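Residue-level listing of the chains:
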Amino acid sequence: MRDYPPLALHVPEPAVRPGGTPDFSNVPIPEAGSVARPEIDADPETMRDLAYSIIRVLNRDGEAVGPWAGSLTDDELLQGLRDMMTLRAFDARMQMAQRQGKTSFYMQHMGEEGVSCAFQRALSPGDMNFPTYRQAGLLIASRYPLVEMMCQIYSNERDPLKGRQLPVLYSAKDYGFFSISGNLATQFVQAVGWAMASAIKNDTKIAAAWIGDGSTAESDFHAALVFASTYKAPVVLNIVNNQWAISTFQGIARGGSGTFAARGLGFGLPALRVDGNDFLAVHAVAKWAAERARRNLGATVIEYVTYRVGAHSSSDDPSVYRPKTESSSWPLGDPILRLKNHLILRGAWSDERHKQAEAEVLDAVISAQKEAERFGTLHAGGRPSARDMFEGVYAEMPPHLRRQRQQAGV
Amino acid sequence: MPRKTMIEAIRDGMDVMMERDDNVVVFGEDVGFFGGVFRATQGLQAKYGKSRCFDTPISELGIVGTAVGMAAYGLRPCVEIQFADYMYPAYDQIVSEAARLRYRSNGQFTCPLVVRMPTGGGIFGGQTHSQSPEALFTHVAGLKTVMPSNPSDAKGLLIAAIEDPDPVIFLEPKRLYNGPFDGHHDRPVTPWSKHELGEVADGHYAIPLGKAAIRRAGTAVTVLAYGTMVYVAEAAAAETGIDAEIIDLRSLVPLDLETIEASVRKTGRCVIVHEATLTSGFGGELSALVQEACFYHLEAPITRVAGWDTPYPHAQEWDYFPGPARVGEALLRAMEQ
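So the protein lines, in turn, are chains A and B.
With the working numbering applied, the first sequence corresponds to residues 1 to 410, in that order.
With the working numbering applied, the second sequence corresponds to residues 1 to 337, in that order.
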């Protein structure tokens with residue numbers, strides 16, 4: 001006699017697949033302004049509920065409400081709006097350039113522009129981001145030249161990385177942007193180490209770590225949280241939950257954890273969940289966490305709740321694993337539209353000015369693209385020398401590489 | 001000159017560098033207060049404080065991953081993996097990150113990092129306290145791989161590794177920590193205090209990476225070895241009476257091909273010895289390089305003596321470990337042809 005029925009494996013499934021009707025009714029969205037803002041030095045134990053809620057500032061009418069409102073001036077918000085618009089235009093042009101064969105690969109940020117563009121405004125010069133491949137807004141918001149970004153994407157003769165890296169895996173040390181690796185999650189723990197170094201040297205700089213929802217399943221995520229917790233490292237640990245890891249819905253990586261932010265609680269870290277499409281909320285929370293790190297109070301985990309509107313990459317077709325209209329049902333809307341409406345409501349912006357700004361931004365992106373293309377695209381025009389392939393493996397080229405370079409005839 | 005064990009010499013190397021350079025930090029499992037399970041970091045925390053020498057959670061990837069971040073900041077971390085057998089969780093950070101950081105960022109970020117790992121067998125360490133994973137590092141572009149065989153080299157090479165602008169895997173044959181070992185496990189072990197290479201100069205000195213040392217000059221056959229196998233080869237030469245030239249490679253990448261080539265051109269024969277498993281081991285690379293560089297000087301096939309292609313066993317320690325008898329046979333075989 002068996003006492004138990006046979007075991008069965010549980011494999012989570014997204015609520016809807018292609019052909020179905022998108023449904024986010026099971027995603028609880030708290031009212032804007034409803035989540036408390038703890039003191040900077042509050043004990044993580046006293047804010048556990050923040051890991052299960054969503055901090056929001058902009059309400060349905062576009063008003064900024066609640067304790068997290070007011071961290072940015074109108075001018076800063078207008079710049080933030082322009083940054084997001086620039087990133088979106090940049091994405092559109094580069095996606096098209098990929099389709100035209102000017103580069104091999106591209107990854108868009110559609111729908112997630114608010115996260116990186118707002119976050120960067122909470123950092124100071126000298127701080128260091130450890131980004132993934134979907135935070136180019138950090139570069140744009142820190143005024144990194146669009147031409148340089150494009151030259152990297154084109155792997156042309158002006159590519160700052162000499163054609164060695166896949167498109168979008170930028171590196172810009174002077175702009176506080178760590179070299180992007182193709183290996184997921186590795187940078188998350190490196191950011192903690194960088195922050196530990198800053199603390200070891202009694203510096204004042206902080207680090208920002210970045211990871212997506214899917215990559216939180218990597219071991220490096222857990223190592224990062226342990227080390228950040230143990231050493232109270234001055235780092236902000238950012239999780240961008242855009243619901244999708246290529247074709248895999250976030251429930252596969254999240255498992256039984258209530259939220260991604262909640263993972264921070266077990267490590268004794270303050271964990272906040274924020275509306276990633278709310279520019280004001282992202283900035284306010286980022287500023288809170290950065291301030292906490294600067295005061296040597298340790299690391300903070302932030303989960304940005306957003307939605308990956310575009311395909312995973314130029315090599316991906318989302319219509320085979322999720323409904324085509326899912327992004328338009330996403331309850332947190334579009335970060336650009338929401339900030340635009342807020343600024344219009346405040347009388348700081350208008351539809352006409354927005355239209356004009358769109359044209360200006362597009363113009364700037366196109367002229368940058370023209371300039372970048374003067375230096376070549378992947379299969380046409382100038383390109384890095386084959387000699388560059390052998391340089392930089394080591395500080396000094398060892399004899400065996402010198403021999404190989406000779407063999408290669410360069 | 002004072003005589004030191006290899007442990008003391010390694011500790012001295014870290015001490016010298018921590019004294020000279022505020023950016024040198026030392027950390028790993030049990031490395032801080034306790035001074036390391038092999039005592040290699042004893043006293044460093046007391047001398048330099050907890051922010052320079054500290055204990056870590058048991059996470060090899062965390063140790064190397066944070067060290068890569070620290071190196072990118074501008075520190076010079078010298079971290080410890082308790083046993084080389086436990087480096088695998090950190091392998092992604094070593095291969096995908098530390099080794100490639102300079103290259104992929106075109107020099108914007110660099111990784112002046114040393115990863116120390118006790119390695120090698122001959123101690124009844126079984127499967128997970130005996131491995132020799134050097135080939136897993138020598139295959140990786142961007143890494144340097146070093147293995148000393150005596151206290152004097154250990155200190156000088158470690159100082160060079162810490163000063164090196166690129167990541168260095170520093171493999172320490174734990175069988176040699178307290179004295180040289182020639183594979184005669186049935187005989188009493190002599191301590192480093194009785195060996196001339198136990199003489200370790202005080203203060204700062206560096207032995208350049210990429211330079212081999214000729215341990216025994218000879219004319220009959222060239223033996224390429226490193227770590228514990230240097231002493232095994234010396235014993236084998238003495239016991240067979242073959243006038244072998246024994247080269248202690250010390251640094252596998254970069255490799256001192258010049259010294260190797262000159263020796264094999266002179267002797268016309270080459271035996272390669274390592275503890276690591278044979279197939280795709282570093283000996284394969286050495287054999288290929290010697291064959292390419294010395295083809296017309298070779299009078300016999302190049303021979304490799306290595307660990308068998310099995311996991312490192314426990315009870316069969318001395319059947320596995322390439323001892324002086326096996327190396328001696330290879331020397332005789334090389335001379336027959």
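Keep in mind that the hints are not guaranteed to be accurate.
As the list claims (entries may be wrong) - Straight-line C-alpha distance at most 20 Å; calculated PhoX-like pairs for lysine-lysine:
(1) Lys47/B <-> Lys232/A
(2) Lys266/B <-> Lys201/A
(3) Lys194/B <-> Lys266/B
(4) Lys232/A <-> Lys287/A
(5) Lys173/A <-> Lys201/A
(6) Lys201/A <-> Lys211/B
(7) Lys201/A <-> Lys232/A
Derived from the structure by calculation, the hints contain no laboratory data.
Just so you know, these numbers come straight off a predicted model, no measurement behind them.
Results of checking the hints against the structure:
1. Lys47/B <-> Lys232/A: 23 Å, violated
2. Lys266/B <-> Lys201/A: Since the Cα atoms of Lys266/B and Lys201/A sit roughly 53 Å apart, the hinted pair is violated (cutoff 20 Å).
3. Lys194/B <-> Lys266/B: Not OK: Lys194/B and Lys266/B at ~32 Å, beyond 20 Å, violated.
4. Lys232/A <-> Lys287/A: 18 Å, holds
5. Lys173/A <-> Lys201/A: 19 Å, holds
6. Lys201/A <-> Lys211/B: 34 Å, violated
7. Lys201/A <-> Lys232/A: Within the cut-off at roughly 14 Å; holds.
Going down the numbered hints, you'll see the structure goes against 1, 2, 3, 6, while the others check out.
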